[in-house]
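Number of protein chains: 4
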Amino acid sequence: MSNDKDDKQAADDALQLGLVQTQQAMAATGQRAIVVLEGRDAAGKDGTIKTLTEHLSVRNTRVVALPKPSDRERGQWYWQRYVSHFPAAGEIVIFNRSWYNRAGVEVVNGFSTPAEQAQFLADVPGFERMLVESGITLIKFWLDIDKDEQDRRLRARREDPLKALKISPLDAVAQDKWDAYTAARDAMLAGSHTPDAPWTCVRADHKKQARRAIIRHLLRQIGPDKVAQEVKKPDPDILFTFEPAAIGDGRLAR
Amino acid sequence: MSNDKDDKQAADDALQLGLVQTQQAMAATGQRAIVVLEGRDAAGKDGTIKTLTEHLSVRNTRVVALPKPSDRERGQWYWQRYVSHFPAAGEIVIFNRSWYNRAGVEVVNGFSTPAEQAQFLADVPGFERMLVESGITLIKFWLDIDKDEQDRRLRARREDPLKALKISPLDAVAQDKWDAYTAARDAMLAGSHTPDAPWTCVRADHKKQARRAIIRHLLRQIGPDKVAQEVKKPDPDILFTFEPAAIGDGRLAR
Amino acid sequence: MSNDKDDKQAADDALQLGLVQTQQAMAATGQRAIVVLEGRDAAGKDGTIKTLTEHLSVRNTRVVALPKPSDRERGQWYWQRYVSHFPAAGEIVIFNRSWYNRAGVEVVNGFSTPAEQAQFLADVPGFERMLVESGITLIKFWLDIDKDEQDRRLRARREDPLKALKISPLDAVAQDKWDAYTAARDAMLAGSHTPDAPWTCVRADHKKQARRAIIRHLLRQIGPDKVAQEVKKPDPDILFTFEPAAIGDGRLAR
Amino acid sequence: MSNDKDDKQAADDALQLGLVQTQQAMAATGQRAIVVLEGRDAAGKDGTIKTLTEHLSVRNTRVVALPKPSDRERGQWYWQRYVSHFPAAGEIVIFNRSWYNRAGVEVVNGFSTPAEQAQFLADVPGFERMLVESGITLIKFWLDIDKDEQDRRLRARREDPLKALKISPLDAVAQDKWDAYTAARDAMLAGSHTPDAPWTCVRADHKKQARRAIIRHLLRQIGPDKVAQEVKKPDPDILFTFEPAAIGDGRLAR
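Chains as they are written, first to last, in UniProt numbering: chain S, 1 to 254; chain Y, 1 to 254; chain X, 1 to 254; chain C, 1 to 254.
So here's chain S without its partners, still in its complex pose (with noise of 0.2 Å):
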């Protein structure tokens, strides 16, 4: 292995200890957290995900990523069968896609109202707030991949038998429908921006880079302290706080 390579491994290593210690942490002191990872298809939450949990404890740690509704629960509370699987003390819970579905996959293939939609935009605001004043911590993540990257990763996944069972119906869209899609991120990302639950925009088109800069972030915001103050920030370019200007100057795909 290239003395290049070594370092890598050794950086990794370090940020996955600083994950470790971060949940150990969480279970001395029973703080929760909740992860949200949003994007597009093929944005890369899958493998963010498993990276995450590489070393985590899986009785302390669960990854939600919910069948569709079944057609009572289409008939409950919208929030319902997501809040059922909220963190108990000490535990991560990550959301692979979450309710944040009513403001993209369902605005821009028609699988609710549009009133339902303006709904859920008036109301998770307050929502989260409520998370995040009883003490959850709340860290919502929007993988941004460009239009190419995803064409060539749903390629590859219809090229790739490993990858079939990635394929959904909606792939086939994704490239059809992009400015549409780029319209509801847009729309969702101002309407639910807010101090209490800000959200995290990953440049994820090179995917080791995003997945380091996502742990560096996970490891400032719900890390303890001598873990938080020792990670370096995550580089810029790559991760930043959204702010309603991103839309439209480049640094959220078009």
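Read the hints as simulated data drawn from the structure, not as lab findings.
Source: prediction; values computed, not measured.
There could be a bad hint or two in this list.
Which copy? The list can't say, so a pair holds if one copy fits it or any two copies do.
[To be verified] Mimicking DSS-like on lysine-lysine, the simulated pairs with C-alpha atoms at most 30 Å apart in a straight line are:
| no. | residue 1 | residue 2 |
| --- | --- | --- |
| 1 | 5 | 226 |
| 2 | 233 | 163 |
| 3 | 166 | 232 |
| 4 | 163 | 232 |
| 5 | 68 | 163 |
Got chain S; can you put chains Y, X and C on it based on the hints?
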């Protein structure tokens, strides 16, 4: 049976019929309702619920009287265990005590911290607005009794072996801490009475009157038009919408 | 009120008191009970439950009347949605209809396959033995009415608008398919009557008698010693342990 | 990369592809599977699960690693909290430790009574037969390692800060109580190995070999015909169906 008794029975039957027709309409449209019943010990919550559910469908009506939280639940988001009982399409859920525990019994007896209690009152208007805006009908009743009546009922409870299961360790302090409960009630009503989710106060010293008034109110709120329009307004001395002035003007027991 | 009425009221009160004392004892020891109520349409299950729960604790008693399964539930293990309602320490759970749907209404109306129904009857003895050996008290009542009485009740139901919510689409065929229901009942009772979990049959044509007999049986089965010993044995013409000979000997309605 | 490495990678890819095709077939037919992974501390359960789920669908696959029961759960039916995670149509659920806790860790460490443990072993064959006869595929793996290998892994765990979250208080006694765990394992395997739900034993001292053998076994058991038929039988020195003679003949570590 005297004519007077006949008349009363006929009136009660008409009210019960209204509830039946309301639930039929809800089942047809998928409308959902949450009814919250709060009040001091012995205010008549259990009996009211028996009257309300007398002729309702056992499959579309659920009465929720949660036991004390488990150790795991105590580490979860406060609202989580309530949310898991919310109604599906066409259902009525009646909470026999509810999330308002945090603003009542917990305040008076120190079962949670003042910070948690303050947070609760800060959160509840937004939370309930979300419910209401999602299309759930939320109706909150405060059953109010005066101090002597509570004393009589708690004594009767202690003397009647059939009521032994209604006795809780907190009964013993209900009279001693009367003023603390009054203060908690006032703060709770004032802090959680909103245009979206107003409190309806019910003078419950006379049980039958109170129950009739409650049904009338429900029918006018959630009954189909033809039911709602025919029900006479509850006597305002028995049932009235909370308003801040009610604190101290003698309408709520002190 | 006549002396006779006074006597009956006193007897009913004594039975209710027995239930109260039973639940007090269960709460103290952590004992758990499941009560299953089965019977044809209009056999009196709802009313029996109201009588049983008249004075029981709303927090330690749960009545479970499940709505039809969701699409997701239909793909799950048949027993799963029932198991999720089983009692915690000190609780009584009353099933208003139960897993026995598969041996009754589903058989007669073809809601499941004959193979599934046969599997159910093969499984149920082992399943219930597990429950019983885990320390849960399981008491199963079959409320039996004769054909004319069902006819009267279903007619009364159709004519009484207060009972509108009790009407189900299946009522219409209850009389026409009387014999098929009889056959299903016989196969169910014969196939699931075991030493661990016997069926108790109740002649329910006379509602009050039936309810008193049911309470007596419960008290003798799950009451604390001093309660159980004082309760007289239910009239064997009203309540009797199922035995195969009961099929065809006239004790069960044909 | 050497040719040998290339070959191994190709073989691994073929196995992973088999898993993908298996899940595709299951999603199409609605087939359900429960995979139980048991074994001593450090036997390789977590790593095996990561390999199994490498390319599976996050929405149709659930990994269940339950935390210790809550106080409320401890009062419930033992099986209840496991049943609530059983698969819906088309799902694979992998239990990382399971109901078999009662026959292993609880026996050795006295976390339940001998009567409860005996009851468990009496119940488990019937319970699992019910699952299997309902159409759920149940596959149970015992990952077996020898004492020296466990010692090495537990030491490595203690020395590698990245593995800190894998350390449990019970690790400390795993070696000291080796023989008690052996006896518990033998009793568990002998008592719960049935025609419906046999145990598959895996020599897991060599991790990669073990994982390949496990995948091969799964594919032959639950793969669609064309997958199952092409997979070679796992090496019988690595993976073999339990039989009573295996206790004491040297195939299972002592």
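To see whether the hints hold, each was checked on the structure:
Within a single copy, residue 5 and residue 226 get their C-alpha atoms as close as 26 Å, which meets the 30 Å cut-off; across copies the closest is 41 Å, which misses it. For the homomeric pair residue 233 and residue 163, the shortest alpha-carbon distance between copies (25 Å) is at most 30 Å, but the shortest distance inside one copy (33 Å) is not. For the homomeric pair residue 166 and residue 232, the shortest alpha-carbon distance between copies (27 Å) is at most 30 Å, but the shortest distance inside one copy (33 Å) is not. Only between protomers do residue 163 and residue 232 lie at most 30 Å apart by alpha-carbon distance; the minimum there is 23 Å, versus 34 Å within a single protomer.
When the C-alpha separation of residue 68 and residue 163 is checked against a cutoff of 30 Å, the pair qualifies only within one copy, where the shortest distance is 20 Å, while the shortest distance between copies is 35 Å.
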